[in-house]
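Number of protein chains: 2
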Amino acid sequence: MTDADMIDDEQLAAEAWFRSLRDSLCAAFEALEDEGPGDGPPGRFVRTPWERPDPSGVPGGGGVMGLMKGRVFEKVGVNTSTVFGTFAPEFAKSIPGAEDDPSFFATGISLVAHMANPHVPAVHMNTRFLTTTRRWFGGGADLNPALPVNADTAEFKAAYRATCDAHGADYWNRYSKWCDEYFFVPHRNRHRGVGGIFYDRLEGDFAANLAFTQDVGKTLLDVFPELVRRHMYDPFSEEERIAQLRYRGLYAEFNLVYDRGTTFGLKTGGNVDAILMSLPPLARWD
Amino acid sequence: MTDADMIDDEQLAAEAWFRSLRDSLCAAFEALEDEGPGDGPPGRFVRTPWERPDPSGVPGGGGVMGLMKGRVFEKVGVNTSTVFGTFAPEFAKSIPGAEDDPSFFATGISLVAHMANPHVPAVHMNTRFLTTTRRWFGGGADLNPALPVNADTAEFKAAYRATCDAHGADYWNRYSKWCDEYFFVPHRNRHRGVGGIFYDRLEGDFAANLAFTQDVGKTLLDVFPELVRRHMYDPFSEEERIAQLRYRGLYAEFNLVYDRGTTFGLKTGGNVDAILMSLPPLARWD
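The listed protein sequences derive, respectively, from chains A and B. Note that the working numbering has the first sequence beginning at -9, numbered continuously upward. Note that the working numbering has the second sequence beginning at -9, numbered continuously upward.
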């Protein structure tokens, strides 16, 4: 799968969904900018396309970074990418279905929102569809408040529990646990964030798995803007802002030390600006 | 080597030097706080001792974190540690002289200074003495200006070149090159810092190697305070402060993604506060 002409219907359908979700997310977040506090103009997304450099000269796809710096969203990235080609031999060994044939196709969306008001939780969502000789979906969504509010956490989890329950009896149990395991920061002996879901290698029925992945995105659209509206006008103290900047330090530590996507991308020549869009606009370690 | 009573004369001499250097550095930096700009009181170091947790119940040493937040030094850490015990079997394989006998002793000093004024360069210095069935020194010093000034870089390098030349004909060539290689950040295609020296596994004549390691520390005491005095009253713009905070983002990326000491320490249960004292007080990614 190294030629764009060979992209099949499933790959096209997944890619079209991620682009459509990107448009919905950007529109919803720009609407929050219009409603939000602040004297300056509401933020707007700036989209920057990039192409995947391919050493062999074969086109390898690319992506679009979407970045907004506003008055509600201090920094939010919504990136889509669709890349294809051949894995490096050493890496191919670790990827299901690429052991003998290193061809791959991957399409996905990644969202990280760092908020201006420390009472508004940060959020992360990422979903993707991968194709080797096998094909699977993966992704998740997790809430990252600097100042956790039990009601917000409960609402976020209830929304994702309902989404999981609609698609698989064991999904919530498995994917919420996977999220807790994945986002644990051993050196701090604490979690990044208060939970959500994390899933990977979801193989089998393409239509059913795409539908679940679509609902993971739609659930974020349903639940997150409501949490933003609830808190974006909350007054906050200098101490609360400092707590937010320190929490972002933990967020950056997790992404740079442990996150598989980040470290793999950095060490194998991915698009650095797109990968590191997840890093906070401002962070403190003191 | 798992008992403090068994520490020998070389180990004691190295440890005494690192503690003495720590005292000299703290005194020199506090003097700069007294001379520096700002209305607030001059900063003073706060020292916090820590003990190495040892699963087997045998005392494993510990260290002292020294942290100052001042008006010249926005955040500076000067840490000493002396730890001993037994390497984990998997790790022992990668350490010279520990392949068959995993006993070790390690003593050292680590300094990272993040400065308030963006025209004052940040600096890093670290020297250490390790003992397994072999024994060696390692360390280095490197200048990390957000806004490089050619004259400062030249002065810093000339000082370390003179120190190297006094101890070994090939030291400057080897150790300055090693520094450039070690502090390259592949994903940014640039270096952290403008250079200095980096050395490791300096075995053989203990007295000569200790003398070199002492001069690496003394050179920092000679050259760095002069650079601080030269720039600590420089006026600076908001843009220059932002450039400094962005440069610190690169600094944090290097330490969290690539630095061997940081990632090893985090993943093997070292003292987290001491390890991460290197992270900047405030950093930007935007």
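Please note that a few of the clues may not be correct.
No copy labels: a pair is met if it fits in one copy or bridges any two.
Unchecked claim - Listed next, the in silico DMTMM-like pairs over lysine to aspartate or glutamate satisfying Cα-Cα at most 25 angstroms (straight line):
1) K59 x E230
2) K167 x D(-1)
3) K59 x E229
4) K59 x D249
5) K147 x E80
6) K147 x D190
7) K59 x E228
None of these hints come from the bench; they were simulated from the model.
Results for each hint:
Proximity of K59 to E230 under the C-alpha cut-off of 25 angstroms is found in both arrangements, the shortest distances being 21 angstroms within a copy and 20 angstroms between copies. Taking the shortest Cα distances, K167 and D(-1) never come within 25 angstroms of each other, neither inside one copy (33 angstroms) nor across copies (53 angstroms). In the homo-oligomer, the alpha carbons of K59 and E229 lie at most 25 angstroms apart both inside one protomer (23 angstroms) and across protomers (18 angstroms), since each shortest distance falls under that limit. Taking the closest pair of Cα atoms, K59 and D249 come within 25 angstroms of each other only inside a single copy of the chain (24 angstroms); across copies the shortest separation is 31 angstroms, beyond that limit.
Neither within a single protomer nor between protomers do K147 and E80 lie at most 25 angstroms apart by alpha-carbon distance, with minima of 38 angstroms and 40 angstroms respectively. Within a single copy, K147 and D190 get their C-alpha atoms as close as 19 angstroms, which meets the 25 angstroms cut-off; across copies the closest is 50 angstroms, which misses it. Proximity of K59 and E228 under a CA criterion of 25 angstroms is satisfied in both settings, with 21 angstroms inside one chain copy and 18 angstroms between copies.
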